[in-house]
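Going down the list, the sequences are from chains H and U.
Under this note's numbering, the final residue of the first sequence carries the number 215; numbering is consecutive throughout.
Under this note's numbering, the final residue of the second sequence carries the number 220; numbering is consecutive throughout.
For the record, the hints were derived by calculation from the structure and aren't laboratory data.
Just so you know, not all the hints are guaranteed correct.
Across the chosen pairs, the derived CB separations fall in these ranges [to be verified]:
| hint | chain 1 | residue 1 | chain 2 | residue 2 | range |
| --- | --- | --- | --- | --- | --- |
| 1 | H | 84 | U | 49 | 46 to 54 Å |
| 2 | U | 201 | H | 111 | 21 to 29 Å |
| 3 | H | 83 | U | 6 | 26 to 34 Å |
| 4 | H | 8 | U | 49 | 25 to 33 Å |
| 5 | H | 34 | U | 82 | 45 to 53 Å |
| 6 | H | 83 | U | 44 | 53 to 61 Å |
| 7 | H | 200 | U | 114 | 30 to 38 Å |
| 8 | U | 185 | H | 37 | 28 to 36 Å |
| 9 | H | 34 | U | 185 | 26 to 34 Å |
| 10 | U | 216 | H | 80 | 48 to 56 Å |
| 11 | U | 200 | H | 34 | 39 to 47 Å |
| 12 | H | 1 | U | 119 | 51 to 59 Å |
| 13 | U | 87 | H | 23 | 32 to 40 Å |
No residue lacks a Cβ here, since even glycine has one placed at the ideal position from N, Cα and C.
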Amino acid sequence: MFSFAVFFESFGPLFWAARYTLLISVLGIGLGLVIGTLVCAARLSPYLPLRRFAAIWVSFLRGVPLLVQLLVFYYTLPVIGLDVPPTVAAVVTVGICASAYISEIWRGAIAALPKGQTEAAVAIGMNPRDVWTRVILPQAVTLSLPALINELILLVKASSLVSVVGILEITRASQAQAATTFRPLEVYIAAACIYLLINLCLAALGRYLEHRTAV
Amino acid sequence: MEWSILQQYGPSLLKGFGNTILCWALGTVFGMALGLVIALIQRYAPRWVTWIVQAYIEVIRGTPFLVQLFVLYYGGPLVGLRLDALPAGLLGLTIYGSPYFAEIFRSGFRAVPHGQIEAARAIGMSELNIVRRILLPLGLVSALPALVNFSIILTKETVILSIITVPELLYQVQRMSTETFRYLEANLVLALFFWGLVEAISRVGHRLEARITKHLVERT
Chain H
1 MFSFAVFFES FGPLFWAARY TLLISVLGIG LGLVIGTLVC AARLSPYLPL RRFAAIWVSF
61 LRGVPLLVQL LVFYYTLPVI GLDVPPTVAA VVTVGICASA YISEIWRGAI AALPKGQTEA
121 AVAIGMNPRD VWTRVILPQA VTLSLPALIN ELILLVKASS LVSVVGILEI TRASQAQAAT
181 TFRPLEVYIA AACIYLLINL CLAALGRYLE HRTAV
Chain U
1 MEWSILQQYG PSLLKGFGNT ILCWALGTVF GMALGLVIAL IQRYAPRWVT WIVQAYIEVI
61 RGTPFLVQLF VLYYGGPLVG LRLDALPAGL LGLTIYGSPY FAEIFRSGFR AVPHGQIEAA
121 RAIGMSELNI VRRILLPLGL VSALPALVNF SIILTKETVI LSIITVPELL YQVQRMSTET
181 FRYLEANLVL ALFFWGLVEA ISRVGHRLEA RITKHLVERT
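Assemble the whole structure, with the sequences as input and the hints as a guide.
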């Protein structure tokens, strides 16, 4: 029978572990934003080698499963002599992986802007820098907010994979909990509930932003 | 990497690759089928049924695939669902993919011009025939690019099955690397392999897509 006692008791430790899930996803998307913006800039640059490099970056990171990326990164660190805490390694991997998707989100948003906007800005004599910082980027950022929230939801789910390299986030904590209580069904369903709760909140935030920015 | 290692582990790697392809192909086909059923239910079933289906979609899309697999594989036996790793993985992949496929079909159906369906109704086609001859053929064509894309995403999800010990490619690679202590090389080669695989599948998929939707382009 489904034991509600175990089910409710597992929420305490799992909520505690949810800090790490949130930490990894939020820092991951932060790092992804920074790298992703650079990659997107490289992708749109007039220099062919930069464009090539960015294209390969995106295609590799989107073509290789995150779990394999995590393992490669995890095993590379000791070889190049870097001794960083597993949490840092996880954040960096998740961030690098997210950067590929985020650069594509930026690219899509920039491409979606009407060409007339740039033309008008140039026509009234704005210099290229102002065109970017005052016309293109503010609009592109607003346009892509819902997509970025979506990416964050994907990262919250993807962060379950870092349990494999031993970080005590929700999934890993639920594995430990399942092992001590011998009730995997209840514990894993509780874990699923917490993920669902986080993601429903994020989805609501996404809808709110979409509603607010849709003028 | 020495050749003797490849010789020794070649067969198990090949078997792992076979399992990866098997899981991917069957998971995609079953997931698509279940997704199509869900999309049709949402279109035709009474309100309260669509609510249940919508809840299913939200739950599956809001939780990580890995946790779903854990519930199924480790929690399943507690309610009498005792599955081996491979069938559990297949079932998991099917369940995981179905809501995404359902949403793709749903927006494909929405892209079918309403006039087509009204016209079919006006000339007295039965509802079943409308689905079979109008909704499916037209909706599937417009859903095709998204279907191809999501099938490619599923290729990458198959590696997660290794965590519940489905003997697919990553599982075999990990077994090999714990025996030979070549963790980095093995995983790096696996990453490159997947990169090539996903690129190849997406090339083929997009060519197929272009071929099937050729009649749409020519007319404009």
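Range agreement (Cβ of residue 114 (chain U) with Cβ of residue 200 (chain H), hint 30 to 38 Å): 32 Å, holds
Satisfaction of the hinted span 26 to 34 Å by the C-beta atoms belonging to residue 83 (chain H) and residue 6 (chain U): Roughly 32 Å apart at Cβ, these two residues keep to the hinted range, so it holds.
Assessment of proposed distance window 28 to 36 Å (beta carbons of residue 185 (chain U), residue 37 (chain H)): Since the Cβ atoms of residue 185 (chain U) and residue 37 (chain H) sit about 33 Å apart, the hinted range of 28 to 36 Å holds.
Outcome of range test on Cβ distance (residue 200 (chain U), residue 34 (chain H); 39 to 47 Å): Since the Cβ atoms of residue 200 (chain U) and residue 34 (chain H) sit about 32 Å apart, the hinted range of 39 to 47 Å is violated.
Residue 34 (chain H) paired with residue 82 (chain U), Cβ distance criterion 45 to 53 Å: 47 Å, holds
Status of the given 53 to 61 Å range, CB of residue 44 (chain U) versus CB of residue 83 (chain H): Between residue 83 (chain H) and residue 44 (chain U), where Cβ atoms are some 60 Å apart, the hint holds.
Beta-carbon spacing of residue 216 (chain U) to residue 80 (chain H) - inside the hinted bounds 48 to 56 Å or not: 51 Å, holds
C-beta pair residue 34 (chain H), residue 185 (chain U): status relative to the range 26 to 34 Å that was hinted: 30 Å, holds
Whether the CB-CB distance between residue 8 (chain H) and residue 49 (chain U) falls inside 25 to 33 Å: With Cβ atoms ~30 Å apart, the hint holds.
Cβ distance range 46 to 54 Å for residue 84 (chain H) and residue 49 (chain U), holds or violated: 51 Å, holds
Residue 201 (chain U) paired with residue 111 (chain H), Cβ distance criterion 21 to 29 Å: About 25 Å separates the Cβ atoms of residue 201 (chain U) and residue 111 (chain H), which means 21 to 29 Å holds.
Assessment of proposed distance window 51 to 59 Å (beta carbons of residue 1 (chain H), residue 119 (chain U)): Since residue 1 (chain H) and residue 119 (chain U) have Cβ atoms about 55 Å apart, the given range 51 to 59 Å holds.
Of the hints listed earlier, the one the structure fails to meet is number 11.
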